[in-house]
Every structure is written in C-alpha cells, then in structure tokens.
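Number of protein chains: 4
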Amino acid sequence: MYSFTNDYSEGAHPRILQAMMEANLTQNTGYSLDAHTSRAVQLIREEIRCPQADVHITVGGTQTNLLVISAALRPYQAVISAATGHINVHETGAIEATGHKVLAMEATDGKLTPALIQKALDIHTDEHMVQPKMVYISNTTEVGTQYTKAELEAVSRICRQKGLCLFMDGARLGSALTSPANDLTLADIASLTDAFYIGGTKNGALFGEAVVILREELKPDFRFMIKQRGAMMAKGWLLGIQFEELFQNNLFYDLASHANAMAQNLRDAITACGFPFASDSQTNQLFPIFPDELIRELGKDFTFEMNSRVDDTHSCIRLVTSWATTEEGVSQFVQALRRNAQLYKD
Amino acid sequence: MYSFTNDYSEGAHPRILQAMMEANLTQNTGYSLDAHTSRAVQLIREEIRCPQADVHITVGGTQTNLLVISAALRPYQAVISAATGHINVHETGAIEATGHKVLAMEATDGKLTPALIQKALDIHTDEHMVQPKMVYISNTTEVGTQYTKAELEAVSRICRQKGLCLFMDGARLGSALTSPANDLTLADIASLTDAFYIGGTKNGALFGEAVVILREELKPDFRFMIKQRGAMMAKGWLLGIQFEELFQNNLFYDLASHANAMAQNLRDAITACGFPFASDSQTNQLFPIFPDELIRELGKDFTFEMNSRVDDTHSCIRLVTSWATTEEGVSQFVQALRRNAQLYKD
Amino acid sequence: MYSFTNDYSEGAHPRILQAMMEANLTQNTGYSLDAHTSRAVQLIREEIRCPQADVHITVGGTQTNLLVISAALRPYQAVISAATGHINVHETGAIEATGHKVLAMEATDGKLTPALIQKALDIHTDEHMVQPKMVYISNTTEVGTQYTKAELEAVSRICRQKGLCLFMDGARLGSALTSPANDLTLADIASLTDAFYIGGTKNGALFGEAVVILREELKPDFRFMIKQRGAMMAKGWLLGIQFEELFQNNLFYDLASHANAMAQNLRDAITACGFPFASDSQTNQLFPIFPDELIRELGKDFTFEMNSRVDDTHSCIRLVTSWATTEEGVSQFVQALRRNAQLYKD
Amino acid sequence: MYSFTNDYSEGAHPRILQAMMEANLTQNTGYSLDAHTSRAVQLIREEIRCPQADVHITVGGTQTNLLVISAALRPYQAVISAATGHINVHETGAIEATGHKVLAMEATDGKLTPALIQKALDIHTDEHMVQPKMVYISNTTEVGTQYTKAELEAVSRICRQKGLCLFMDGARLGSALTSPANDLTLADIASLTDAFYIGGTKNGALFGEAVVILREELKPDFRFMIKQRGAMMAKGWLLGIQFEELFQNNLFYDLASHANAMAQNLRDAITACGFPFASDSQTNQLFPIFPDELIRELGKDFTFEMNSRVDDTHSCIRLVTSWATTEEGVSQFVQALRRNAQLYKD
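Top line first, the protein sequences correspond to chains E, C, R and B. Going by the working numbering, the first residue of the first sequence is number 28, and it counts up by one from there. Going by the working numbering, the first residue of the second sequence is number 28, and it counts up by one from there. Going by the working numbering, the first residue of the third sequence is number 28, and it counts up by one from there. Going by the working numbering, the first residue of the fourth sequence is number 28, and it counts up by one from there.
You may find that some hints are simply not true.
Since copy identity is lost for identical chains, a pair holds within one copy or between any two.
To be verified - With a straight-line Cα cutoff of 30 Å, these simulated BS3-like cross-link-like pairs (lysine-lysine) come out:
1. K176 / K160
2. K246 / K176
3. K246 / K160
No lab work stands behind these hints, which were simulated from the structure alone.
Can you make the complete structure from the sequences, with help from the hints?
Spelled out as structure tokens, the structure:
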C-alpha cells in the first residue's frame with residue numbers, strides 16, 4: 028500500500044535528522060532561548076526581508092492558530108474565515124475554546140475576497156453581535172488553491188482600511204510559494220499581513236511551525252501566550268534546528284517543489300484520463316472526481332481520503348503529495364489509474 | 028411617537044408591580060431561597076405537569092442561554108442552531124465565550140428540522156471536528172414562526188435517538204402558546220425537551236426567565252453555574268414574585284393573547300392593503316415588506332426596526348406588539364398605513 | 028425572627044419603587060439607551076467630578092466584577108486580591124471562568140497595601156508565571172474595614188508606578204463613605220482608581236451597580252462585554268431610574284448613614300457588654316466574637332451568619348444592617364444581648 | 028560551563044534517536060493512530076498491570092496538565108494543589124485559562140496530605156464557592172521530595188471517600204520510582220490514582236508524556252480534548268517510538284537511576300562539606316543552601332537556577348541532574364565545591 032493520505036506520513040528530511048543527531052548531547056538553554064532558535068529566527072527574518080519581525084516556533088498548526096488568534100482578539104471579537112477554513116472545520120472548536128466566534132463565509136475555491144470580508148462587516152453592526160476584528164486565510168487553502176499577489180493585496184488593503192488584523196495560515200505555504208501559479212514571495216507576505224506562519228510539519232520537518240508577527244501590538248508578551256496554552260517546548264532548540272536547516276541552502280523551497288512536481292504528475296495523468304477536479308489546484312493537494320468503482324479499485328493499492336460524494340456514482344477524493352513522496356509511488360498510481368480508467372469510465 | 032420596536036419597551040403588568048410593592052419591606056432569604064420563589068416553582072411544575080422538574084429563575088435571555096448550554100456541554104461539544112438563532116446572531120458570541128461552537132444551519136422560517144439536525148451530525152464525524160451534542164430551538168423563532176406539536180415531536184425524536192440534548196429558548200413562549208396556529212402546551216414541551224425556559228421579560232414581567240430542567244444529568248449543581256456566571260440575584264424573591272403572579276389566574280396566557288391579538292390586527296390591515304410578509308407569523312412579531320417611501324412615512328409617527336433590504340425600493344421591517352401594546356397605538360398605525368398605502372403602492 | 032443576615036433582605040426604598048411605578052407604562056428605549064439612564068449617568072458624573080467618565084449600570088456584583096476584570100486583562104494576566112476578597116472566595120470561580128488567575132495575598136483586615144502588591148510583583152518574574160496587571164480592592168472590605176484616603180493614595184501610587192489597573196469593588200461603598208472613619212469622597216475615588224463601582228443592591232435599590240470607568244483603554248466597546256456576559260438588561264431603564272433616585276437629594280448617602288447608625292448601636296452595645304470583635308469595623312458589617320451558648324440563645328429570635336470558629340467555646344458571627352434595618356429590630360437585639368450576656372459570659 | 032540548570036538541556040538517549048532514524052521514511056498513519064503508538068500503549072499497560080487503562084501520549088507537561096484537568100472538571104469545579112504545585116506557579120495560569128480555579132494549599136515539602144485536602148473541602152461549602160473536585164499531586168514534587176506508598180494510599184483513600192479525582196503529575200516520575208526512598212511501583216500508582224502521566228521529556232526522550240487514564244468517566248472522547256487544545260501531533264508516531272524504546276529493556280528506569288546516582292554524588296559532597304538543604308530530596312533535584320560568595324564562585328563554571336534568598340548572605344540554589352549528566356560534570360562540580368567550601372564557609 029502506498030499512501031497519498033496526507034503530507035505528514037513520513038518523518039523528516041535526512042539533513043534535518045542529521046542536524047538533530049549532531050546537536051543531541053550538547054547542552055542547550057531550554058524554552059527556545061537557545062542559539063539554534065536565534066539563528067533560525069535570523070534566517071527567517073532575512074528571507075522575509077523584515078529584520079524587526081518577531082518569530083516564534085511552535086509545534087503544530089492548531090496550536091499556532093489558537094495562539095495567534097486568541098492573542099490578537101479581545102473577548103467579544105471574532106475572526107472571519109472561509110467556511111472551508113481549517114479553524115472553522117478541523118480544529119475541534121479550538122478557537123471557540125479560547126472564547127472567540129469564527130465567522131464562516133461561504134467562499135469560492137476556499138479563498139476570502141474583499142467582498143466577502145465587507146459582507147461580514149456589514150452584518151455585524153452593533154454590540155448585540157460579535158465584532159469582526161481579524162481575517163484568517165490559508166495559503167494554500169484547504170482545497171489546494173492559492174492566493175495570487177493581486178488577491179492578497181486586495182485582501183490586505185481592505186483589512187488595513189477597516190482595522191482588521193490579517194493572519195495567514197501557512198501550514199502548506201511551501202507548496203503555495205513553489206507552485207507554477209505562484210507570484211508571491213515570503214517578503215510579499217510579510218509586507219501584506221499582520222502575522223503568518225511557515226509550516227514545517229508538512230514540508231520536511233518532524234514538526235514545527237514558524238510564527239511571524241509583524242504588527243507591533245501583537246508582539247509584546249507572546250511568550251506568555253505560548254506558555255499558557257501549553258505550547259512552549261522544553262527542548263525548544265529542536266524546533267530551532269529544524270528551521271535552521273529548512274532555511275539554509277534552499278531546503279524549504281526544494282522540498283516543496285518536489286511535492287508539487289509529484290502532484291503535477293498525478294494531475295497530468297488524471298487530466299489525460301479525462302477526469303475532472305473539484306478545485307483547480309496546482310499545489311500538493313488534488314481533488315479529482317472519480318467513479319466510485321474506480322475509487323474502490325485504486326483503494327486496493329493506495330490510501331487516500333474520501334472528500335465528498337458528488338453524485339450517486341461519483342465521489343471526490345483527496346490525493347496529497349509531500350517532500351517524501353517517491354516517483355515510484357506516483358508512477359504506480361498513474362499506471363493503476365490508466366489501467367482502470369477505461370473499465371470504470373462512464 | 029408610538030413604538031413597535033420591541034416587546035420590552037414598558038415595565039410590568041400592574042398586578043406584578045403591586046405584588047412587589049406589597050412584599051417590599053418583608054425580610055426575605057436571599058439568592059432565590061425564599062418562599063415566593065418556592066411557590067413560583069411549584070406553580071410552574073403544576074402547569075407543566077412535571078413535579079420532578081428543576082426550575083430556576085434568571086434575569087435575562089442571553090444569560091439563560093449561556094447558562095444552560097455551558098452546563099450541558101463538555102468542552103469539545105457544540106450546539107446546533109438555525110442560522111437565524113438568537114445565540115448565533117444576537118448574543119455577541121456569548122456561547123463561544125463559554126468555549127463552545129454554535130453549528131449554524133441554514134433553515135427555512137427559522138426552524139430546525141430532523142433533516143437539518145441529521146445533516147449537522149453527518150458532517151461531524153471524528154475528533155478533528157466538534158461533537159454536536161445539543162440542539163437549540165426558539166419558540167417563537169426569531170422570525171415570528173412557531174413549532175407545531177408534530178414538528179417538535181419530530182425534533183425531539185431525533186434528539187433522543189442520537190443522544191442530543193434538546194433545549195428550547197422560550198423568550199417569546201407565551202406568544203407561541205397563545206397563537207391561533209398553536210397546538211402545543213407547556214406540558215407537551217416539558218415532555219419533549221430536556222430543558223426550556225419560559226420568558227417573563229417579554230410577557231409582562233419587569234424581567235425574569237424561568238428555566239425548566241427536565242434531564243436528570245443537567246440538574247445537579249446548576250446553582251453553582253448560576254452563581255459563577257454572575258446570574259444569581261441577591262434579591263432573588265423579586266424573580267419569584269413575578270412568576271407567582273404570571274402563573275396565577277392565567278396572567279401569563281392572558282398577556283400573551285393580548286399581544287397576539289394586537290399583532291393580528293396589524294397583520295389583517297397589512298394584508299388588506301396588499302403587502303406581503305417575509306415570514307408567516309401568527310405571533311407578536313410581524314415582518315411586512317413595504318415600499319421604502321411608505322416606511323419613511325410611517326417612521327414619522329412610529330418606531331420599528333429595519334429588518335433587511337428586499338430590493339432597490341422595498342425593505343422588510345419588524346413590528347412587535349406586547350402585553351402593553353394599546354388598541355389605540357395599533358389603530359393609529361392601521362390608519363396611517365391605509366392613508367399612505369395607496370400613495371406609495373407600486 | 029428579625030434578620031441581620033445581610034443587607035439585601037428587603038426590597039427598595041419607597042422613593043425608588045415610586046419612581047418605577049410612575050414610569051411603568053411609558054415606552055422606553057431598551058438596553059440602557061434611555062433617558063433615565065442618561066440622567067443617572069449625568070448625576071454620577073457630577074457627583075464624582077469627572078465629566079469624561081464612562082458609567083454603565085449592571086444588575087449585580089459578581090457580574091460587575093467579572094465584566095471589569097475580563098475587559099481589562101489579556102489572557103495571561105492576573106488580578107491581585109486580598110485572600111479574603113469577594114472574587115477570591117465567594118464568586119464560585121467567576122474570574123477564573125473568564126480565564127484569569129486571582130493572585131490571593133494574605134492581608135490584615137482585608138486590605139491590600141503597597142507592600143503586598145509589591146510582593147505579588149516580586150514573585151512573578153517571567154513568562155512561566157502569570158503577569159499581575161490589575162489590583163482588586165473592596166471598600167468596605169469583606170470584613171467591614173475601609174480604606175483611608177492615605178491608604179488608597181498609597182495603593183494608587185504603586186499601581187500607577189507599576190502599570191497596574193486599580194479596580195475598587197464598591198458593593199458597600201455607601202457604607203464606607205458615610206462611616207465616621209471615612210475621609211474619602213467619590214471624587215477622590217474617581218481620581219485614584221481606574222475603575223470602581225457604586226453598589227445599589229445593598230443600599231436601597233432593588234438591584235443595580237453603577238460601574239465607573241476612568242481609564243481610557245478600558246472604555247471602548249464595554250457594551251460588547253456587557254452583552255456577551257449576559258449582563259445587558261432589556262429594560263435597562265429600570266437600572267437608570269434607581270440610580271436617578273439614589274443620586275438625587277442625597278438618598279444614596281442618607282440610606283447608608285442609616286445602616287451605619289444601626290450598626291453603631293449594635294457595636295456600642297456589644298462593646299458595653301465586653302465582647303470583642305474579629306475586625307475593627309465602623310461600617311454596616313460587624314464581626315463580634317461571642318460564646319457559643321450566647322449565639323445559640325440569640326439565634327432563637329434573630330438570624331445572622333456564622334463567620335468562623337474562634338476556639339472550642341467561642342465563634343465569630345456576622346451582623347449586617349441596611350437602609351431598611353429598623354430601630355426596633357436593633358433595640359430588640361440589644362436587649363436580648365444584655366439579657367443573656369451575663370448568663371453566658373466566661 | 029556545565030549546566031545543572033534542568034533536566035532538559037540535552038536531546039534524547041541514542042537508542043531513541045536510532046529508532047526514530049530507522050522509522051523515518053516508513054509511511055505511518057497520522058495523529059497517533061499508528062503501530063508504534065499502539066505498541067507503546069501496550070507496553071505501558073503491561074508495566075502498570077492495567078490492561079483496561081487508556082493511554083495517550085502528548086508533547087509536554089503543561090499541555091498534559093491542562094488537558095487532564097479541563098477534561099475532568101465541570102465549569103464551576105476546582106483542583107486542589109500544593110501551593111508549590113507546578114500548575115499553581117509555573118504554568119502561566121494555564122489551568123485558569125481553561126476556566127478552573129486552582130485551590131492552593133500551603134504544604135510541607137511540597138506534598139498534599141489528607142488533612143490539607145480535608146481543609147480545602149471544609150472551607151468550600153456551598154454554591155457561592157467553587158467545588159473542589161480534583162486533587163493534583165506531583166511525584167517527584169517541585170521541591171524534589173516524593174510520596175511514599177503509605178502517603179499515596181492515604182491521599183487516594185480520602186479522594187475516593189469524598190468523590191475527588193486524583194491526578195498525579197509525573198514529569199519526574201522516573202526519578203521518583205528509582206530513588207532509594209521509593210516504595211511505589213507504576214502498578215501501585217495505577218491502582219491508587221484516577222489519572223497520571225509518565226514523563227518522557229525529562230527522562231531520555233526528546234519530548235513526550237504518557238497520560239494514563241484509569242477512571243472510566245474520564246476516558247470517553249479524550250482525543251477530542253487533545254485535538255481541541257492543539258496537543259494532537261500530526262506525526263504522532265514520533266511519540267509512540269520514544270515510549271516504545273523507554274519501556275523496552277528497562278530504559279526508562281535505567282535512565283532515571285543514572286540521574287539519581289549523579290544527584291546522590293552531588294548530595295554526598297554537599298553534605299560532606301557541611302551545607303544544609305532546603306528540602307530532603309533523594310531524587311534528581313537538589314536544593315542546597317550556600318553562602319552567596321560560594322554561589323558566585325560556582326557560577327563561574329556551572330549554570331544552575333537561583334531558588335530563593337535564605338538570609339542576607341545565603342541563598343538556596345537548584346541543582347538538577349538528568350539521564351545525560353556526565354560523571355565528569357559532577358566530578359568537576361564536586362571539586363569546585365570542595366575547593367571553595369573552606370574559603371567561603373561561615
């Protein structure tokens with residue numbers, strides 16, 4: 028069985044593991060106050076062209092989202108998200124558990140627009156309703172799409188006009204930035220958002236998300252938040268080492284490019300066989316629509332997530348590639364697809 | 028100016044004020060442990076035909092909703108509500124502030140159905156998502172509609188099958204129970220729900236909502252919840268006295284009937300003038316759709332809430348009557364409507 | 028049986044009830060946006076000599092405390108309180124339920140001092156500990172004592188030096204301000220604190236606490252907090268009317284003076300009989316220490332709270348007077364005390 | 028510089044790192060639903076002689092404490108802790124952030140006793156106060172002491188009698204169980220508590236705490252809690268692998284024994300030099316009291332935490348050993364101590 032279930036099925040890139048091995052018996056200061064973390068922070072600041080940014084490295088995505096959002100909002104304030112947003116659907120109410128409403132807006136292709144943000148503002152007019160104060164976007168989105176520079180600029184503009192804090196969930200930011208459809212850089216993102224995070228877990232690290240805080244009001248006391256939410260790692264240098272490696276010698280981008288290339292191969296084959304996609308993704312998550320019998324057949328040798336039922340005889344599945352996806356795995360899938368496509372085609 | 032803005036523009040029915048006057052200088056035990064409250068609880072238990080129910084009287088609706096919901100749910104559990112539900116829209120995120128997600132379902136006429144509840148269950152399948160555990164319905168709903176006995180039975184049935192706690196917000200329960208379209212009794216509601224409340228604030232009391240708890244697991248320690256949320260009134264007998272009066276000599280039903288009758292007069296006149304309604308209400312809230320110019324004209328002598336824009340030249344307004352609405356007020360509105368209807372009709 | 032159990036056993040002063048009666052059928056704007064509330068706010072601003080203060084009137088004390096404290100603190104910040112403070116002991120963890128730790132300091136006579144505040148600061152040094160950011164004091168305290176002007180100035184000074192928000196719980200502020208030991212005015216308190224509240228429930232109102240906000244950062248959006256915590260009263264003018272009456276013609280002070288005078292009579296008699304007090308109170312709460320047999324005897328005709336066991340044969344009880352305490356009630360207690368004092372004296 | 032600052036200055040035991048390397052490119056199911064975790068859970072169940080226990084592995088201690096405590100308590104319930112307890116002092120109010128009060132009891136040597144627990148119950152009598160429902164103990168404690176079997180049995184007995192949930196924080200459980208003063212086994216702890224955790228971070232793992240849940244009511248839906256609090260690791264098998272190694276071939280005990288032996292060497296030398304300790308620890312944390320000048324001298328070659336000032340010229344420091352502490356490091360410290368002891372002795 029080969030798995031296209033997600034992008035966190037394998038461990039870390041060997042260079043990262045090697046660095047952890049080498050540092051293993053050196054004594055480090057705890058709680059991310061170590062030299063590895065300092066260096067990782069420095070590398071990230073350079074990459075985003077923002078020397079005054081605060082950078083904290085945390086363990087996982089849900090943790091990071093709840094930290095940033097609860098740090099930014101007063102008790103009665105809410106965060107606007109696409110209805111498909113990770114915080115709205117797949118975090119077991121983590122944001123609400125910190126006391127805040129997620130204002131879910133139905134969006135096309137998983138992306139918020141100025142019009143959707145304005146709509147959320149228009150319907151929240153007084154103190155009987157929550158006060159929208161933050162905008163949460165994911166790049167790539169949960170349906171594999173990504174923001175263009177123009178789209179992000181437009182979202183950023185309305186946020187600044189309306190006093191909304193703009194936060195980008197970058198769990199799969201590597202895949203977005205290395206997609207053929209991309210025209211954004213990390214420096215662009217740093218200049219257009221108030222906070223964002225750079226995902227490591229899904230791009231070659233064992234774990235780790237680097238939170239970048241740009242807005243001044245969000246900076247003070249963020250370590251208090253980290254500690255209180257149980258997100259401060261005793262051996263924090265483990266996080267630092269991983270991001271040191273990712274942001275040396277282009278590793279972060281190389282790994283994401285590989286994931287995207289593997290996805291592109293799958294995408295080409297699926298298209299060639301004549302199957303449609305539920306969303307237009309040029310990143311490492313694909314959402315093809317297949318006949319149910321074909322899905323059953325593919326399921327004999329490959330694992331993947333069922334996404335949604337499309338009609339009585341078709342469903343949408345999710346295929347995910349990663350830095351660790353092998354050409355062989357992809358090639359076997361493509362062959363199996365070609366072999367069965369004719370039999371189960373409508 | 029005469030106000031149809033809401034049903035809490037005036038104080039209390041004179042009999043209630045009189046009772047408060049008479050008890051004013053008698054020393055009472057504090058915190059709702061007094062004889063008036065005991066008697067009110069007893070009267071309510073008799074009215075709902077449920078001697079083992081727990082009854083607590085609180086000050087207001089948002090307070091009551093957050094109390095019951097946060098008492099019933101574990102941290103990761105969520106409450107299903109119609110998208111128009113008061114807890115979803117008009118309580119400034121009070122439920123989320125206690126840590127729980129409101130699962131808002133788009134509903135016709137403000138009412139949840141077994142199909143909508145099943146849909147909420149179907150899309151929440153594992154520990155990455157909140158666990159739906161409670162169903163919140165309002166009767167009357169926020170758009171003036173009401174549940175029939177058959178509808179409530181159907182909702183109750185699926186809740187019991189699926190282990191969901193069913194809670195009815197009865198801020199306007201008096202209006203529902205005395206509407207011509209009603210076939211429910213308080214005893215029916217007590218047998219079909221796990222908890223509900225009987226609204227006093229909008230039906231003749233100065234303030235006060237009587238929370239009825241039927242489900243055994245919800246009963247223990249509810250007074251701890253009340254105190255912790257700042258909802259325990261020092262002079263709790265003030266709440267007891269008001270519900271004593273409401274549930275003696277039919278006052279609760281008489282006042283609601285009056286409000287409904289006043290609304291019926293408005294409804295008849297609006298219909299006679301040929302204007303439609305946004306929802307089919309036979310209760311004390313009406314949602315007529317008028318030309319904007321007519322609305323402007325009526326606004327010179329009457330106050331009411333703008334509900335929503337319908338098209339470029341029409342809007343929906345909300346007219347609310349109460350136990351205190353005068354026949355004269357209604358009659359003046361009807362005259363003003365008739366006078367202007369022709370002028371501003373399309 | 029005559030009750031000295033608390034200062035909320037009776038209803039409201041007749042002038043207040045009369046005002047509520049007169050306004051009963053007038054239509055008012057809801058949610059404290061009415062003319063009575065505006066006028067009450069104006070009267071309070073004049074009384075405290077602070078025209079730019081924000082004033083909101085809420086229903087009860089626990090509600091008020093949790094509102095102000097949760098509005099002022101970020102998630103990881105804590106409030107310093109005397110260990111005897113109401114928020115630390117008698118609010119069922121209401122402050123913690125909003126997410127904040129109460130830092131309880133052992134204090135003499137229920138009062139915080141600069142030294143105690145400094146101690147709390149000294150032991151909270153980094154992000155592994157909560158960050159003290161607010162100081163909560165009660166005046167009168169929970170043991171009947173009160174702050175002198177010099178004491179309050181000293182507390183205020185350290186708070187300003189250290190960036191701490193100073194909040195005074197004034198549930199019994201009337202009694203403090205009319206005590207013979209008092210040298211503070213409402214205007215002093217307004218100039219020395221960041222927020223405080225003026226208790227109505229325990230001083231002649233049916234219910235109601237007027238929250239005064241002085242610090243600019245605390246002012247914005249406070250009505251969102253009120254609504255979210257379930258503390259916004261639909262018929263908010265009921266609160267306005269009560270404070271209009273209290274701050275017209277000196278009623279607030281007259282009622283508190285009466286309560287203090289009644290307590291002074293009890294205190295004189297207890298002292299004359301040779302019994303000591305657990306705290307030196309010149310306000311409306313007394314904490315005499317009596318032989319247990321005397322307590323039993325007094326308990327036949329009077330109700331009061333047991334405060335604490337002092338030794339095998341003595342206990343401390345709490346006697347509370349109010350605006351409604353009658354001279355006859357006091358006189359009967361004094362007689363019973365004198366009659367039994369000899370019999371049960373050591 | 029050699030560090031005795033804490034027991035998380037180094038990475039993981041080589042066998043653990045080796046196992047992580049070997050598994051690195053194997054595809055694993057995410058979110059702790061993998062075979063390594065299953066095997067680790069099985070090994071722990073065997074070790075604690077409790078096949079029906081639920082075991083979940085989380086990343087860190089604060090996270091674990093807040094998860095277990097917030098899963099066990101209803102909103103108005105509180106947890107009893109020694110005043111020195113980690114949850115009371117060093118978790119930035121993490122427990123309060125989930126809504127619960129920590130009832131801190133002043134304790135000798137960091138340990139709760141039945142008398143202290145009873146005292147907490149005695150002063151919490153009604154719904155105006157929080158309801159104590161859980162007891163939190165640490166073993167070893169924050170001052171290096173440990174519970175004997177008799178002490179734990181006594182604490183367990185009162186908890187069962189009074190319906191309190193007993194939770195042991197085992198961040199340093201390895202050190203407790205391998206101390207010469209120990210007479211407890213993991214199986215004893217499993218039979219005497221309702222939940223506890225076995226610390227990995229401070230005993231040879233990179234990170235990881237194994238939460239063992241014994242009480243049936245605590246078991247359902249714990250994974251929802253883990254996810255909601257941001258504590259569910261995508262690559263959860265990393266946790267599984269580490270505990271597999273720790274509970275194979277006695278590694279968990281061997282590593283803790285080493286840490287204790289290193290501490291014992293320090294302790295013997297300190298005692299031989301005639302210096303006292305602030306607490307009687309036979310575990311991996313020592314709290315010697317030294318003259319300030321000696322501390323300054325030792326600080327030139329070693330790092331450690333200042334614990335507290337004892338008098339004008341003496342302070343208590345904390346020395347911590349771990350599985351990674353070298354004999355050489357200890358020996359150098361002992362030499363430096365001997366060399367300077369005479370010079371700086373009183």
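Status of each hint after checking the structure:
With identical chains, the CA atoms of K176 and K160 are at most 30 Å apart within one copy only, with a shortest distance of 23 Å there and 41 Å across copies. For the identical chains of this complex, K246 and K176 are intra-copy neighbours only, at 26 Å inside a copy versus 38 Å across copies, given an alpha-carbon limit of 30 Å. In this assembly of identical chains, the alpha carbons of K246 and K160 lie at most 30 Å apart whether taken from the same copy (17 Å) or from different copies (17 Å).
The structure fails none of the hints (numbered hints given earlier).
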